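Heads up: the protein sequence lines correspond to chains A and B, in order.
Here my numbering is used: position 84 in the first sequence is 89, and no number is missing along the way.
Here my numbering is used: position 62 in the second sequence is 64, and no number is missing along the way.
Worth double-checking, as some hints may not be accurate.
Stated by the list, open to error - Pairs of lysine to aspartate or glutamate residues, derived as DMTMM-like cross-links and limited to a Cα-Cα distance of at most 25 Å, are as follows:
1. A:K6 - B:D107
2. B:K20 - B:E81
3. A:K6 - B:E58
4. B:K20 - B:E58
5. B:K20 - B:D61
6. A:K6 - B:D61
7. B:K59 - B:E24
8. B:K20 - B:D107
9. B:K33 - A:D44
10. A:K6 - A:D74
11. B:K59 - B:D40
12. A:K76 - B:E58
13. B:K33 - B:E44
14. A:K76 - A:E20
15. A:K76 - B:D61
16. B:K19 - B:E81
17. B:K33 - B:E74
18. A:K76 - A:E59
19. A:K22 - A:D44
20. B:K33 - B:D5
21. A:K6 - B:E44
22. A:K6 - B:D40
23. B:K20 - B:E65
24. B:K19 - B:E65
25. B:K33 - A:D99
26. B:K33 - B:E65
27. B:K59 - B:E74
28. A:K76 - B:D107
29. B:K33 - B:E58
30. B:K59 - A:D72
31. A:K6 - A:D72
32. B:K59 - B:E81
33. B:K20 - B:E74
Stated by the list, open to error - Okay, the calculated beta carbon distance ranges per label pair:
34. B:S86 - A:Q8: 30 to 40 Å
35. B:K19 - A:N29: 33 to 43 Å
36. A:N29 - B:L62: 38 to 48 Å
To be verified - Computed list of chain B residues with no C-beta within reach of chain A, every gap over 10 Å:
37. D5
38. G18
39. K20
40. I21
Since the hints were made in silico from the structure, they are not lab data.
A quick note: this is a predicted structure, and the numbers were derived from the prediction, not measured.
Yeah, the Cβ is synthetic: ideal placement off N, Cα and C, and Gly gets one too.
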Amino acid sequence: KNQVEQSPQSLIILEGKNCTLQCNYTVSPFSNLRWYKQDTGRGPVSLTIMTFSENTKSNGRYTATLDADTKQSSLHITASQLSDSASYICVVSDRGSTLGRLYFGRGTQLTVWP
Amino acid sequence: EADIYQTPRYLVIGTGKKITLECSQTMGHDKMYWYQQDPGMELHLIHYSYGVNSTEKGDLSSESTVSRIRTEHFPLTLESARPSHTSQYLCASSVNTGTSGVLTDTQYFGPGTRLTVL
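Build out the structure end to end from the sequences listed, making use of the hints.
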């Protein structure tokens with residue numbers, strides 16, 4: 006069964022600290038993996054996308070890694086800011102159709118405290 | 003910031019009412035989607051469209067219907083709302099982009115409509 010599991014479910018950190026969010030998937034075949042940021046009451050916004058051949062991708066203070074062999078990805082946030090408080094969603098796409106079906110994780114709810 | 007809009011942002015209605023959630027995008031994307039999301043849960047695809055006059059049901063069974071008469075417009079309709087329809091509804095559109103030589107589908111999401119059926 007194609008699944009995307011994220012951990013932790015929620016995380017609280019102090020402003021300025023670093024954190025790492027995890028994503029494990031069983032989706033096969035695999036096309037790409039995205040990390041989205043979803044602010045409360047808003048739609049998700051894409052942070053990074055990685056294909057099979059990519060191991061790491063950065064977007065400012067966000068760095069995503071991908072291990073396609075173990076089917077694991079992580080999102081590392083450096084020097085957290087209050088505005089980083091949001092849900093971070095891992096999304097995996099397969100190659101099974103022209104639509105490139107998406108499998109969504111439940112997200113990690115990150116709260117950054119001052 | 004993606005040019006995709008949803009109205010209304012919040013809606014509280016009584017059981018049995020007919021409602022239409024609006025979604026428009028000005029990016030000229032052929033593909034559009036409707037997702038349903040409950041708090042703390044993953045997004046579930048309920049409808050999608052490849053282009054004008056093309057609509058398909060998604061993974062999650064839904065009593066809603068959609069139409070695609072114009073490229074930029076993808077409304078979702080509930081003929082008779084029930085409390086079980088209470089949820090957040092997210093609209094998205096997508097375009098193919100290339101990354102590392104691979105063509106992928108980049109989805110852009112609207113802000114969502116928070117629906118509460120009493």
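Structure-based check of all given hints:
no., hint, result
1, A:K6 - B:D107, "holds, 22 Å"
2, B:K20 - B:E81, "holds, 4 Å"
3, A:K6 - B:E58, "holds, 22 Å"
4, B:K20 - B:E58, "holds, 21 Å"
5, B:K20 - B:D61, "holds, 23 Å"
6, A:K6 - B:D61, "holds, 14 Å"
7, B:K59 - B:E24, "holds, 18 Å"
8, B:K20 - B:D107, "violated, 33 Å"
9, B:K33 - A:D44, "holds, 24 Å"
10, A:K6 - A:D74, "holds, 18 Å"
11, B:K59 - B:D40, "holds, 19 Å"
12, A:K76 - B:E58, "violated, 30 Å"
13, B:K33 - B:E44, "holds, 21 Å"
14, A:K76 - A:E20, "violated, 30 Å"
15, A:K76 - B:D61, "holds, 23 Å"
16, B:K19 - B:E81, "holds, 7 Å"
17, B:K33 - B:E74, "holds, 10 Å"
18, A:K76 - A:E59, "holds, 13 Å"
19, A:K22 - A:D44, "holds, 20 Å"
20, B:K33 - B:D5, "holds, 14 Å"
21, A:K6 - B:E44, "holds, 16 Å"
22, A:K6 - B:D40, "holds, 22 Å"
23, B:K20 - B:E65, "holds, 12 Å"
24, B:K19 - B:E65, "holds, 13 Å"
25, B:K33 - A:D99, "holds, 17 Å"
26, B:K33 - B:E65, "holds, 21 Å"
27, B:K59 - B:E74, "holds, 19 Å"
28, A:K76 - B:D107, "holds, 20 Å"
29, B:K33 - B:E58, "holds, 11 Å"
30, B:K59 - A:D72, "violated, 33 Å"
31, A:K6 - A:D72, "holds, 20 Å"
32, B:K59 - B:E81, "holds, 16 Å"
33, B:K20 - B:E74, "holds, 23 Å"
34, B:S86 - A:Q8: 30 to 40 Å, "violated, 25 Å"
35, B:K19 - A:N29: 33 to 43 Å, "holds, 42 Å"
36, A:N29 - B:L62: 38 to 48 Å, "violated, 23 Å"
37, D5, "holds, 12 Å"
38, G18, "holds, 27 Å"
39, K20, "holds, 25 Å"
40, I21, "holds, 19 Å"
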